[in-house]
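Listed in order, the protein sequences are those of chains W and Y.
Heads up: the first sequence begins at 0 in numbering that gives the first Met the number 0, then just goes up one per residue.
Heads up: the second sequence begins at 0 in numbering that gives the first Met the number 0, then just goes up one per residue.
It is worth saying that the hints were derived from the structure and are not from the lab.
Everything numeric in this text was worked out from a predicted model, so none of it was measured.
Here a beta-carbon is modelled for each residue, glycine too, at the ideal position from N, C-alpha and C.
Hints may be right or wrong, so weigh each one.
[Unchecked claim] Chain Y stretches covered by chain W per the calculated footprint, using a threshold of three residues with CB under 8 Å from any CB of chain W: (1) 76–89; (2) 95–108.
[Unchecked claim] Here are the simulated distance ranges between beta carbons: (3) Y:L5 <-> W:N37: 26 to 36 Å; (4) W:P167 <-> Y:V113: 57 to 67 Å; (5) W:P34 <-> Y:L114: 30 to 40 Å.
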Amino acid sequence: MNRLVLFVPVLIFLALGILFFAGIGRENKEVLPSPLINKPFPNFILTQVEEGSKQLTQQDLIGKPMLVNVWATWCPTCKAEHEFLNTLAADGIRIVGINYKDDDAAAMQWLQDYGNPYEFNISDPDGMLGLELGVYGAPETFLVDGEGIIRAKHVGDLNPRVWEKYQPQFALMRAAASRPEESISDKGSE
Amino acid sequence: MMKSYLIALTMLLFSSLSLALVDGHEYPFDNQRDKDRFAQLAEELRCPKCQNQNLADSNAPIAKDLRNKVYEQIQAGQSDEEIVQYLVDRYGDFVRYKPAFKSYTLVLWLSPVVLFVIAIIVFVRLGRKKEKAAPLTEEELKKLAALKQQASDK
Numbered sequence: 000m001n002r003l004v005l006f007v008p009v010l011i012f013l014a015l016g017i018l019f020f021a022g023i024g025r026e027n028k029e030v031l032p033s034p035l036i037n038k039p040f041p042n043f044i045l046t047q048v049e050e051g052s053k054q055l056t057q058q059d060l061i062g063k064p065m066l067v068n069v070w071a072t073w074c075p076t077c078k079a080e081h082e083f084l085n086t087l088a089a090d091g092i093r094i095v096g097i098n099y100k101d102d103d104a105a106a107m108q109w110l111q112d113y114g115n116p117y118e119f120n121i122s123d124p125d126g127m128l129g130l131e132l133g134v135y136g137a138p139e140t141f142l143v144d145g146e147g148i149i150r151a152k153h154v155g156d157l158n159p160r161v162w163e164k165y166q167p168q169f170a171l172m173r174a175a176a177s178r179p180e181e182s183i184s185d186k187g188s189e
Numbered sequence: 000m001m002k003s004y005l006i007a008l009t010m011l012l013f014s015s016l017s018l019a020l021v022d023g024h025e026y027p028f029d030n031q032r033d034k035d036r037f038a039q040l041a042e043e044l045r046c047p048k049c050q051n052q053n054l055a056d057s058n059a060p061i062a063k064d065l066r067n068k069v070y071e072q073i074q075a076g077q078s079d080e081e082i083v084q085y086l087v088d089r090y091g092d093f094v095r096y097k098p099a100f101k102s103y104t105l106v107l108w109l110s111p112v113v114l115f116v117i118a119i120i121v122f123v124r125l126g127r128k129k130e131k132a133a134p135l136t137e138e139e140l141k142k143l144a145a146l147k148q149q150a151s152d153k
């Protein structure tokens with residue numbers, strides 16, 4: 000009986016070995032969970048890319064559910080997803096852009112060259128709004144509901160495969176927004 | 000017994016962190032205390048973009064932004080906890096190299112202590128077993144003599 004006890008360390012070692020081996024590669028290192036989910040979009044006062052004199056705040060987002068897309072002309076992946084954003088916009092999906100650490104003139108040129116899927120673009124040359132949003136690499140896309148609450152975040156490019164994952168959630172957000180009495184009762188419970 | 004303590008001590012020595020220095024030139028402070036705090040925070044906060052580097056080591060633009068933010072907040076008189084919380088609220092617990100002591104990190108924080116205690120118990124018990132070779136009682140001696148007799152009779 001006592002002899003069997005000697006095998007306990009080996010068994011523990013084997014058990015841990017199996018556990019760690021099974022865990023290897025499971026963690027998705029590309030995507031960090033965002034603590035901003037279900038939190039209101041952060042406050043900001045920034046200008047609009049298209050109209051440098053126009054000031055925008057978080058109030059300008061409230062209305063229809065939208066995608067808030069963080070992009071820049073220096074970001075190759077943003078170029079890769081741009082065509083798909085155009086498609087989404089053509090399907091009637093509201094997209095608001097945050098031009099992240101970029102130059103307004105370069106951004107305007109880009110929109111002229113590749114099409115403009117955005118309702119408007121928020122100019123964030125210093126990346127300060129990006130920091131508030133926990134952005135660590137463009138492109139990033141937030142699903143924001145009609146009341147300005149962040150509901151999901153995607154890091155990396157949007158494409159048909161990724162959109163398949165978010166589309167049902169976005170459809171639900173749109174459905175909720177089009178039923179005004181529900182959103183009023185939501186507000187009452189908060 | 001002595002040996003096991005020595006081994007444990009040696010292990011403790013190697014567990015301490017080696018600290019690198021932050022390039023302080025970019026961030027002038029008017030007192031040593033804030034300068035040290037900045038260096039400490041830049042060591043303990045992790046760059047979100049570059050997985051295994053802290054803010055002090057990373058050259059990524061985002062790390063620079065976060066360093067600037069930490070600097071700004073120290074200058075604004077925020078406490079270390081407030082600054083860490085500010086970043087955790089935006090980037091998640093990922094930015095801490097020193098995990099918070101919370102219910103879901105209990106295993107992480109306590110398992111080394113628990114294992115250490117178990118190890119000490121095991122060492123102590125192994126040590127005791129050797130000492131336990133107590134002298135035989137009168138009765139046992141008689142029994143032993145009888146057994147010897149029996150063996151030699153055969």
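Structure-based check of all given hints:
1. Coverage of the region 76–89 of chain Y by chain W holds. Counting CB-CB distances below 8 Å, 3 residues qualify, and the rule asks for three or more.
2. Under the rule that three or more residues need a Cβ within less than 8 Å of chain W, the assignment of the region 95–108 of chain Y is violated, with 0 such residues.
3. For the hinted restraint 26 to 36 Å between L5 (chain Y) and N37 (chain W), the CB-CB distance of approximately 53 Å leaves it violated.
4. Evaluation of the 57 to 67 Å hint for P167 (chain W) and V113 (chain Y) yields a failure: the beta carbon distance comes to about 44 Å.
5. Range check, P34 (chain W) to L114 (chain Y): about 31 Å between beta-carbon atoms, so the 30 to 40 Å window is met.
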